[in-house]
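Residues per chain are reported as follows:
Protein chains: 2
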Amino acid sequence: MMEKGREEGKKITFNINKNEKFSEWFSDIVDKAELADLRYNIKGFIVFRPWAVRCMEKMYDFLEEELQRKGHEPAWFPAVIPEKNFKLEGEHIKGFSPQVFWITHAADTELEERMAMRPTSETAMYQMYSLWIRSYKDLPFKMYQRAQVWRYETKATRPFIRSREFYWVEGHDCFSTEKDAEAQVGEDIDTTEYLMHKKLGVPFLALKRPDWDKFPGAVYTVGSDSLMPDGRIIQQPSTHFLGQGFAKMFDIKFEDKDGKDKYVWQTCYGPAISRIFASVISVHGDDKGLILPYCIAPVQVMIVPIYTTENKAKVVKGAREIEKELVNNGIRAKVDDSDNRPGEKFFFWEMKGVPLRLELGEKELKDKSLVLFTRDTVTKRTVKGKINEIIKKEGEALDERLKKKADDNFKKSIVDCANFNEVKKAVESKKIARCNFCSIDKDGEKCAEKVEKELTAFVRGVRYDKIEKASGKCIVCGKSAKHVVYIAKSY
Amino acid sequence: MMEKGREEGKKITFNINKNEKFSEWFSDIVDKAELADLRYNIKGFIVFRPWAVRCMEKMYDFLEEELQRKGHEPAWFPAVIPEKNFKLEGEHIKGFSPQVFWITHAADTELEERMAMRPTSETAMYQMYSLWIRSYKDLPFKMYQRAQVWRYETKATRPFIRSREFYWVEGHDCFSTEKDAEAQVGEDIDTTEYLMHKKLGVPFLALKRPDWDKFPGAVYTVGSDSLMPDGRIIQQPSTHFLGQGFAKMFDIKFEDKDGKDKYVWQTCYGPAISRIFASVISVHGDDKGLILPYCIAPVQVMIVPIYTTENKAKVVKGAREIEKELVNNGIRAKVDDSDNRPGEKFFFWEMKGVPLRLELGEKELKDKSLVLFTRDTVTKRTVKGKINEIIKKEGEALDERLKKKADDNFKKSIVDCANFNEVKKAVESKKIARCNFCSIDKDGEKCAEKVEKELTAFVRGVRYDKIEKASGKCIVCGKSAKHVVYIAKSY
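From first to last, the protein sequence lines stand for chains C and Y.
Numbering of the first sequence is given in my numbering, commencing with residue 50 and proceeding in unit increments.
Numbering of the second sequence is given in my numbering, commencing with residue 50 and proceeding in unit increments.
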């Protein structure tokens, strides 16, 4: 099955220095590993190919299970939104209207009202919430949908990182009190931690965004910033505390215990699966290609039989038996018994990021042993014993190593900077600068503009998960600093 | 969690004669069981609510696992199709253009080329196939996507049955020979059999459609017809043998073993999950509401503790222990310890179609027994022993009973008719008529038109899974019959 994606005659060699030539590395691995095809004939729209889709389906499973465990119910809302809904929340329309695709016709008929292809679903969902939520007993009301959204991006698009169509989950929750809603922001970040870090080994900083960088219509936004090998931050799932703004526009009220009608407090949360996958590819990969976490790899173990013409049948049979044993134990294992040479197979599946490989030939059959190759360490050793237990343990250990390595790199990438010049040096050497800054409230925007203009870097915000007390001067204006912020180049 | 969907103060009583007032029954159960909400403010677009989405997600799992088992790879193609692609296949554009929603603008900019929201994805996918398929080694090429499609339906819409947006899977396969492609049609019908009948207990007839009723662009179409309680057929998954028409338009060629370039042979297959769910609801439900198959029910077992103020804590604790035991064994179990009276709880969860219920009070705690209620038979009995084993067995038995009952009904609904008058009587008494018919090739269309005009019924086609030999006269024109066809009213 899997090899079918491999185009005949395509060269399989891959060797690009990821850290030095990240942009080339990324484009090339997307193509070579057949993650996506950019040749679809609408600009900014791409085709996601099986090897990537299988990984992302697993990511969806992890995320949705976690959301449901935390009390969210799944729903499916229409992909289209009437123009009038879309215009109800002033800030929201201002923020999103430059990005909306409009449906104006059905067959030859001009529609009476234009429909937006959803760029996000607040204005689709909240009118329904106002019909469903009646009493404090209905709260908290926690719902999500797995969906695609469409945004007319004018920035350059890159597969997985930024396209005009992307795959995400959006969670939209309502609460009876401000406090409960604000607590949900923390829960959402915990969900990001679960998916991105615990499962996929990609570390991030949860940062409360500056006032000028919040979601259109939100009171405040907490973003998750992860680092790419080129030293640029990529924004991963954001959570938005919406206050009661949308509730008032969409009339989402409940009768509280005291008999009074009140507006709900809201949050929304938008993890983009296709974008998180960009981080997974980029953070873990090496110069030889992908390294997929064991927990999402479409093939967790590739079994390569090493045979001669004489013993082929016997060795392949042995390989099939191992495969069966592993598959019966819920492990995604596969035998590559194609006509390619072993070396070609090794190279190909290493490039595709298969975390573990088992090799067996005549000798191993006799010894009841197997040669185990682990993709991240690029090492081989002989193993004996219950193979399904060995594989499960090795898979988990590999994921732990990926996480630890990424964590160590991430930690080293954050540097304390005492002045503007140090910040400049930090961001130019692919680091995240931590420094004193006057304020992430409105009055700090001028200083942020100077950072952007002079360093093409951005003030990403202040830590959400812990309080970092500023003590000193703003690295830009020299006034007394109210916040410790993180500054980096970004996607 | 689940009860959150239940709107406060909403009446939970449900009692409608399904077979006599099916239309009312269907509308009411969609509303009462909170399967969908029709109040979304674009005509023909509805919101699918959690209780239905959880069922349909399970259906997706079954279908996708089966497709993958049969060698299909998952991919995600763009939701939008350039107008020029769409126009490449003449019959296809003729068939679909009355149904297409068009995107003409992005923000304030008019697009250079209009984009169709996919009504189906042949014209999106096949241009990519022509890039990916090179050699006979790439074949068979079997791919599917889970997706929504949008069609500007002008017929009356009904939730799940016909909407302007629906949820499906589309499989698109390529082969090196005509024979392999035609064999795929059979495999697809086997997949329909697996999902619809084996798992969900909904019987159907696989019928090769008359020439005038095939998919636009296909050589022939095999549809799956299932019966609704009002005696109307509903078309379920269809498979289309496409021949080489699309291959020629989209230039999908391969180098065969003989070194020659040849066009591939194609099939496509489109099971609509939301529509199959309409059959599941309708076929199995009874006058009291839904009866969900155990294998897809969001809650497979509802545990209702029966307590007084005095023993509440103890009984609820016992219920929680049962819940934990079941959940640990992979069973979707839940305790309803809300403040509602037991009778209300029974009534509500019966209406929602929960297949099994466990009741326990002081007596059961003492006896280490439980009262088990099965939704389809509406009977109770006392059970003792390993509860997870009991539940699994009971769940499977319930699904078997649902299937058997549906099969028996379906069999009885097919009646042999010797002449036009008998066909008339059959379709008017909610049956499917089987009869001699001149031909389902082009020259039979006039007779079919007469059936449609006089009986508002349709010639659905001939059996695909077995040969039924015609011997006699066409029930319409009296000419020698070439085919045995099935005629019924339809959705």
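Hints should not be assumed to be uniformly reliable.
Identical copies carry no separate label here, and so any pair may be met within one copy or between two of them.
[To be verified] The calculated BS3-like cross-link candidates involving lysine-lysine, where the alpha carbons are at most 27 angstroms apart (straight line), are:
no., residue 1, residue 2
1, Lys499, Lys366
2, Lys81, Lys306
3, Lys248, Lys107
4, Lys373, Lys107
5, Lys119, Lys460
6, Lys309, Lys502
7, Lys435, Lys538
8, Lys297, Lys491
9, Lys491, Lys107
10, Lys442, Lys452
11, Lys136, Lys412
12, Lys119, Lys107
13, Lys417, Lys133
14, Lys311, Lys528
Keep in mind the hints are simulated off the structure, nothing from the lab.
Evaluation of the provided hints:
1. Neither within a single protomer nor between protomers do lysine 499 and lysine 366 lie at most 27 angstroms apart by alpha-carbon distance, with minima of 67 angstroms and 62 angstroms respectively.
2. Taking identical chains as interchangeable, the C-alpha atoms of lysine 81 and lysine 306 lie at most 27 angstroms apart only when they sit on different chains, with a minimum of 26 angstroms there against 60 angstroms within one chain.
3. Within a single copy, lysine 248 and lysine 107 get their C-alpha atoms as close as 11 angstroms, and across copies as close as 23 angstroms, so both meet the 27 angstroms cut-off.
4. Taking the shortest Cα distances, lysine 373 and lysine 107 sit within 27 angstroms of each other both inside one copy (22 angstroms) and across copies (26 angstroms).
5. Taking identical chains as interchangeable, the C-alpha atoms of lysine 119 and lysine 460 are never at most 27 angstroms apart, the minima being 30 angstroms within one chain and 46 angstroms between chains.
6. In this homomeric assembly, lysine 309 and lysine 502 never come within 27 angstroms of each other (Cα to Cα): the closest approach is 51 angstroms inside a single copy and 59 angstroms across copies.
7. Taking the shortest alpha-carbon separations for lysine 435 and lysine 538, neither the intra-copy value of 48 angstroms nor the inter-copy value of 60 angstroms comes in at or below 27 angstroms.
8. In this assembly of identical chains, lysine 297 and lysine 491 lie within 27 angstroms of each other by CA distance solely inside one copy; the values are 24 angstroms within and 60 angstroms between copies.
9. Taking the shortest alpha-carbon separations for lysine 491 and lysine 107, neither the intra-copy value of 41 angstroms nor the inter-copy value of 48 angstroms comes in at or below 27 angstroms.
10. Taking the shortest alpha-carbon separations for lysine 442 and lysine 452, only the intra-copy value of 16 angstroms comes in at or below 27 angstroms, while the best inter-copy value is 42 angstroms.
11. Taking the closest pair of Cα atoms, lysine 136 and lysine 412 never come within 27 angstroms of each other, the shortest separation being 71 angstroms inside a single copy and 60 angstroms across copies.
12. Taking the closest pair of Cα atoms, lysine 119 and lysine 107 come within 27 angstroms of each other both inside a single copy (19 angstroms) and across two copies (20 angstroms).
13. Taking the shortest alpha-carbon separations for lysine 417 and lysine 133, neither the intra-copy value of 69 angstroms nor the inter-copy value of 59 angstroms comes in at or below 27 angstroms.
14. Proximity of lysine 311 and lysine 528 under a CA criterion of 27 angstroms is satisfied in neither setting, with 42 angstroms inside one chain copy and 74 angstroms between copies.
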